[in-house]
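Chemist: The listed protein sequences derive, respectively, from chains A and B. Under our numbering, the first residue of the first sequence carries the number 2, and numbering increases by one thereafter. Under our numbering, the first residue of the second sequence carries the number 2, and numbering increases by one thereafter.
Keep in mind the hints are simulated off the structure, nothing from the lab.
Chain copies aren't distinguished; within one or between two, either way the pair holds.
Under the rule of at most 25 Å between Cα atoms (straight-line distance), these lysine-lysine pairs were calculated in the BS3-like manner:
# : residue 1 : residue 2
1 : Lys47     : Lys160
2 : Lys126    : Lys87
3 : Lys23     : Lys35
4 : Lys160    : Lys226
5 : Lys47     : Lys96
2 protein chains.
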Amino acid sequence: MKVHVPLDGIVSAVALLGGTGKLGRGLALRWAPKERVIIGSRFRGKAEDAAAEVRQTLGGASAGNVRGMLNREAIEEADLVVFCIKLEPALRLAKRRRKSLMGKLILSPVVAMRRKGNLRVPKLKPSTSAALRLANVLGQRSRVVAGLHTIPAAMLYSKDPLGDYSVVVYGEQPAKGVVMQLVREIEGLHPLDGGPLEMSFLSEYTTALLLNLGILNQRRGYSVKYY
Amino acid sequence: MKVHVPLDGIVSAVALLGGTGKLGRGLALRWAPKERVIIGSRFRGKAEDAAAEVRQTLGGASAGNVRGMLNREAIEEADLVVFCIKLEPALRLAKRRRKSLMGKLILSPVVAMRRKGNLRVPKLKPSTSAALRLANVLGQRSRVVAGLHTIPAAMLYSKDPLGDYSVVVYGEQPAKGVVMQLVREIEGLHPLDGGPLEMSFLSEYTTALLLNLGILNQRRGYSVKYY
Numbered sequence: 002m003k004v005h006v007p008l009d010g011i012v013s014a015v016a017l018l019g020g021t022g023k024l025g026r027g028l029a030l031r032w033a034p035k036e037r038v039i040i041g042s043r044f045r046g047k048a049e050d051a052a053a054e055v056r057q058t059l060g061g062a063s064a065g066n067v068r069g070m071l072n073r074e075a076i077e078e079a080d081l082v083v084f085c086i087k088l089e090p091a092l093r094l095a096k097r098r099r100k101s102l103m104g105k106l107i108l109s110p111v112v113a114m115r116r117k118g119n120l121r122v123p124k125l126k127p128s129t130s131a132a133l134r135l136a137n138v139l140g141q142r143s144r145v146v147a148g149l150h151t152i153p154a155a156m157l158y159s160k161d162p163l164g165d166y167s168v169v170v171y172g173e174q175p176a177k178g179v180v181m182q183l184v185r186e187i188e189g190l191h192p193l194d195g196g197p198l199e200m201s202f203l204s205e206y207t208t209a210l211l212l213n214l215g216i217l218n219q220r221r222g223y224s225v226k227y228y
Numbered sequence: 002m003k004v005h006v007p008l009d010g011i012v013s014a015v016a017l018l019g020g021t022g023k024l025g026r027g028l029a030l031r032w033a034p035k036e037r038v039i040i041g042s043r044f045r046g047k048a049e050d051a052a053a054e055v056r057q058t059l060g061g062a063s064a065g066n067v068r069g070m071l072n073r074e075a076i077e078e079a080d081l082v083v084f085c086i087k088l089e090p091a092l093r094l095a096k097r098r099r100k101s102l103m104g105k106l107i108l109s110p111v112v113a114m115r116r117k118g119n120l121r122v123p124k125l126k127p128s129t130s131a132a133l134r135l136a137n138v139l140g141q142r143s144r145v146v147a148g149l150h151t152i153p154a155a156m157l158y159s160k161d162p163l164g165d166y167s168v169v170v171y172g173e174q175p176a177k178g179v180v181m182q183l184v185r186e187i188e189g190l191h192p193l194d195g196g197p198l199e200m201s202f203l204s205e206y207t208t209a210l211l212l213n214l215g216i217l218n219q220r221r222g223y224s225v226k227y228y
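Next up, chain A with everything else stripped away, as it sits in the complex:
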């Protein structure tokens, strides 16, 4: 099935795998004005409900850019695939859909954390990262880019304009450039080049820090701006 390409869209469609949560719905809401977005789920009904909710929140013409379907179908229709789930299910899904993910551009905002008292610490060593683990599962020819770790999901899934935040993007060109351009399409977000995927642990670690700042400083939803 050929999808409608919006005039100013950069990709044919963005698939938000496991995108029924706040991160997925938030990205759908923010990208729909410029891109076709597909909320994916293991359950068709959940995907369709989430898409309907986003369409209602959006209103206007761009609501037509949001659809819900099975993860498997979402992958087929998109050329950018975003994993909106936790690391372990993301790795399982990547293994199962390895063939259909081949040749797609993959974006990983995944962060693996564990609790330490009331705070959070990164689960993975600096020698790896969620994005690298995904790339390992998908194989050498995969094009995995890491980014969007540090924008709180609740901030994305809101009708309020986003503040002025940085999004550090890791990976190889030209895939990284495409993602940086897609980040620029979301008002308020400013992409920065963070280097190769091997460096993506730095933004995964930052996410633990942001959560701790929220816990320790009587305010939720910290994000970050580098300047």
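Start from chain A and add chain B according to the hints.
Modeler: Here is chain B on its own, set in the frame of chain A:
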């Protein structure tokens, strides 16, 4: 020797150990309007020259708040001691001056990094940090606080007003609260509680990220704001 305590100063004096570089001179410049600051060095002449330079840059009444002397003497006169040198010399100095550092409030902005290609990566594992290593050398009863990792020295040592930046501070109360208050004395800097010293690797890691952003994004001197 009794030092003059400025009316609105929080500590009797701040010692900037190895403070003849940009970090030390920068902190002297920024704290002198409110605090007595002492630039320390292994060489009396170097310390005095650096202090003279800062006094000249400052001008006005607060210039009188800046002196230069040997590290050993600086420790004696201050109740807050900042290590403005790299990790290995900092650990050697801490070992040598362990006794006189006892009971002092210690601030570590130290970050250990190594090169990886043209980029930087943290040298220490997340299970430790420069500040924790310092605390280990100084013993259980030491009061080590970590902070000021992410403000570029060249930004501090400038007559330009500082931008609006965050300073995450790690350690135990009440020591951490004193340092947070001292950070607030520098216009533009906003302290945030980062939790215990065990979490200070997070801001040491952030410093590597900031340097990489400078290398990769055609701009020097990135700092960070969390909000």
